Every structure is written in structure tokens, then in C-alpha cells.
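Those protein sequence lines, which keep their order, are chains S and E.
Going by the working numbering, 283 is the number at position 283 of the first sequence; the sequence numbering is gapless.
Going by the working numbering, 1094 is the number at position 94 of the second sequence; the sequence numbering is gapless.
FYI, nobody ran anything at the bench for these hints, they're computed from the structure.
Everything numeric in this text was worked out from a predicted model, so none of it was measured.
All clues given are correct.
Rough simulated footprint, nothing fancy, chain S against chain E, three-plus residues with beta-carbon under 8 angstroms:
#	stretch
1	1089 to 1100
2	1110 to 1117
3	1228 to 1238
Using N, Cα and C, we set each Cβ at its ideal position, and we do this for glycine too.
Listed below, chain by chain, are the residues.
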Amino acid sequence: MATGQEKDRRVFRRAGNPEVYFPPLALLVLGILPFILPVFFVHILIMIFLFAILGSAWNLIGGYGGQLSLGHAAFFGIGAYTSTMLMRSYGLSPWMGMVIGAFLAVAMSLLLGAICFRLRGPYFAIATIGLAEVLRLLALHFRDWTSGAIGLTIPFKGSAPLLFQFTSKVPYYFIALIFLWLTLWVVRRVENSRLGNYLLAIGQDQDAAEAIGIDSARAKRGAFYLSSFITGVAGTFYAQYVYFIEPDSVFGLGLSIQVALVAILGGVGTVWGPVVGAVIIESLIQFTQYAFAGTIYGLEQIVYGSFLVLVILLRPRGVIEWMQKIYSKWLRILPGMYASGS
Amino acid sequence: MSFTTVWQAFISGLLNGAVYGLVSVGLTMIFGVVKIVNFAHGEFLMVGMYLSYALWALLGIDPLWSVPIVMAALFFFGVGIQRFFIRRVLNAPDLAQIFLTVGLSVLMMNLALFLFRADFRLVKVPYVDWTFSLAGAIISIPRFIACLGAIVFSLLLAFFLLKTDIGKAMRAVAQDREVSMLVGINPDRMYNLAVGISAALAGAAGGLTISFYFVFPSVGVNFVLIAFVIVILGTLGNLKGAFLTSLIVGVAESVGVLFVGADLGLAVVFVILVLTLAFRPGGLLGGA
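Just chain S, with the same shape it has in the complex (with noise of 0.2 angstroms):
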């Protein structure tokens, strides 16, 4: 009986730690939010979510392996074009086609493995390059199948959650979030893994790995599965949130590079990183858009890179720790009492 009071007060105490409350509260604004916020806001953290999605997949390889892909517009688009076109030709329910994508997208980083995974730092950044842009060409070109550079239009059918299409963006809003949500628990699990000891052993030095017996090849094809999966998975999202792809857009260099960039300024081999790094990236640019559109040539790409210019000559290891800091700053402001000791 005592020892029950005691269990409660301990649990009791717990409640009362910032630490403790404050994610799930933070959680629970994030779902109050797309009801009270304009609609341009909660299309800006949709975007957030979805770039948080993309950052923290390609992080799985790029920042715990240490293998810079600038190819992973090709898992994007190919997750893009393989739902889009299975429910164009067949009618497909773009959630079935999801899955389908996100398998084809491995499949995908299954030959691209099998090349690239000899090469090392530059060659293997170029050589994901080459295929990614293979890709977009291939699209470009087969006309009849893709219509090339004038894209392809989902068929809007009104609101058919079946059909993943919803006439308002709350239910996208969802979805992105629970995406990114399960995204994140994955990266945590490879993180505690073997698999997330075997590439960041990778990712500090490839040769010192081998020699004390770490597979490199297979770890780097574990996380490149994953990776791949993750992003086909979001190119899907990504078609049926805006209702139209084309080549250049889904299949881009631009598009890898941003995937890349936002878990490089968030902060790489860390879970929050890439979630870091969206928030600013997407806010820069949704907002630049907005403030710009139409208004002067360029002009909020030149924001853009100065922006990414002056973040890497300060920053040069991402603003995560810098953000931890602040993060735990804010929690000691927050009321209630630390539990001693912890």
C-alpha cells in the first residue's frame, strides 16, 4: 500500500518535469494547429513535414554511412510516377500504388548499390547523380507514357480518402505527420541498432569498418532500403497533395540537392537533424515564394543560396546542437520541477 502511494507520487512528480511534458503538449498543438491556422500555414507544414520526412531518409545513408546521395530524386520520383500512372491507366488506389512505388524505389536502390557502392566520397556522389538524371531523361523522353516535360494531372475525383484525395488539407496535414512520425521512429531504431553502429563506423572511416570485420556493403544496402522505401513512399504523398508532377520537378537535381540540404543544415547522424533542418529550409522558402511570386526574377532563390552560403561558412556542422541548447533553455523556463537526479 505504501509502497503504491509512493509509485504514484514518483509518477506524479515525473508529470511535473519539463522534460517529461512538454513533448507530448507540443504534440498536441501539433494537432490543434491545422485547425485554427490559415490554410497557407498549414500548406507550409505539410511542407515541413514532407521535406522532415525526405531529410531524415536520405540521413539513414547520407548522414549516419557518411555516403553523399544526390540521387534521391530518382526513389521520389519513381514513388511519383508508379502511383500516379498505376491509377491514371488502372485505376489504381494511389495507396496500393504507394506500396508499389516504395518496392520499385528499392529496387531501384538495388542496382544503383550494386554500382555505386564500390565508389567512394565525389565518385559516388556524381555516380547517383548520373542515375538519378538517367531517370528524368528516360521521362522526359518516353512521351507517351509519361507526356514528358508537360507532366502528368492526378484525376481529381473530390473527396476520396479510398483514392488518397481529400478536398481539404487537414487529412494531408495528418498523414504527413504520422509519416513523418513513423519515419522517426525508424531512424531512432537503426540509431540503437547494429545496423546504426555499422554505418556510422562506415560513415568515420570505411577501412578502418572492413577491418574489423563490418560488411560495408550490406549495411549500406540495409540503409539504403530503408532510405529508398521511406522516399518512394513520399513522392506518392508528394503527387497526391499537389495533384501534378513532371519530370523536372519529382526526378530534379534541385530536389536531391534539397533532400540532402535539409539534413546537412539541420544536422547530420542525429534523429532531429533533418526535422531541424526542414523547419528552416521550407519556412525560407514558402515564405521568400510568397513574399517574391512574380514580383522579381530569381529573387527568392537568391535568398536561398545566400542563405545556405552564410549557414555552411558559419555552421559548417549543421544548427542542431546549436538548437539543443536553446531547446534546453526554453525547458528550464517552462514550470514545474526536475526530477532529482535525472
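For chain S, the structure is supplied; the task is to place chain E on it using the hints.
Chain E in isolation, oriented as in the chain S frame:
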């Protein structure tokens, strides 16, 4: 498909290839000396093209005469990029280095878009249609001059690196930075020089091609992707490899286009890259 068509494509490919070579030797030299992959290299070419265009449009200078001016301007531009940007990330992680140059590329491309809009621009020279024929292949004079210019500048670079003291010092830095410091070479100066010269060569390529190749803000991307393939196939840091490979890639692209259509020219180049790397991970000439 007749023999003449293939022969014509072969010759055009060689002419293009030499210009690719001029861009690629600079890119591979920056990697060899400064140990950085310069994603902004195509923008050096783009700046050179716009400068050459501006000199023609405003002052009426023929692009061939303005090549030395463009090269001098681009040299200082390159030195500035090295001193104010690249130098600051030399000790940063690889990812930061690559993404600094990506950022510079985005910045320069869009500054050009801001200044010149997305219009395609071309210098109109009186000799644009002049041709001569060589064993059945028709050769355009401006393209031929561009090819000759590319070969001359590449040979001058080789002479500089092999025969002059500064060139030897630069190669020493490329081989071993610490040891070169021991013998009194200042690596920072060599880095400035390497990036400056590379930018000047890319600028020269811009001035040589502006009479038959349109300039637009993202023109550098087309060139830099091909140049990446070339420097990788020719083994990063190997100048002779880069130049020879660019001739091969130029011909392969030009002949490949006959079979698959013009819109897949770049795809042919990438397929060659991927297949070569699958069998020879160190490039065509390299070992490991």
C-alpha cells in the same frame, strides 16, 4: 544510317569534346590542388558567356577578341571565390564543402536570372555560317576556332604546370600539402591561383562558344554535369585524363544521339559513366 552521317557526328563530337575538355581540366585541377569538388564550376562558364555577351552588346567587341579580357576578369573572380568562400571551409566536413559550392552555384545562377532574365542570348558574328569541309564532313568555322582555342589553352596550362616554377609548386601542393610547406611554398597562394586559373579557363570556354551556343542563367548546369562525368572517368585530379576523356565523351555523345535522339544525349553520357564505374571504380585510366 550512312557512313557520312556517323563521320559528321564523330567530327562534331571531337569539336564539342575539346570545349568540354577546357571546362573539365579546370574542374579536375581544383579537385587535385584544393581537394574540393566545385559544383559552381559551370557558373564560371556562365559568367564568362554573359561577360563576353555584354562586351559585344555594349561595346561591339567580337567575342574572340574579348577572350583575354574575359579570362582576366574570371581569374580575379575565381580568386575571390576561393579567398572569401572556399578557403573558409577547407577544414570543414566534406558535406559542408560540397554544399558551399552548391550554394554558390544557386546564388550565381539566380543573380544572372535577376540581371538578365531567362532569355536565351547569342552573339551574332559575321562568320557564324562560314564552313569548310573535311573528307565529307562539314565543319563550322566558329566551332573549329573554339576547338583550336580549347586545345591551345589546355596546352598552355600543361606548359605552365610542367615547366614553370609556380606550376611545379602547384603540383607539389597537390601531391603533399605539408611537405610543400616545408620547402617554403605557400599553399594558400597556390589554391588562389588554381581556382583563378580554372575559372579563367571556364571563362575562355564561355567566350569561345558564345557565337554558336545560347547563354541563359542555367547554362552552366548542362556543362557541369558533363564535366563531372568527364573528370570522374578521367580520374579526379588527372588533367591529361580529363582532356582525353572529354574527347571520348564528346564523340560518344554526338554519335549516341544519332541512335537515341537529341533529348537523350546527356543520358548516353551518364550511362557511359555508370557502366564504366561499375567495372572500373577508379575511372577509365585510374587504378583503384
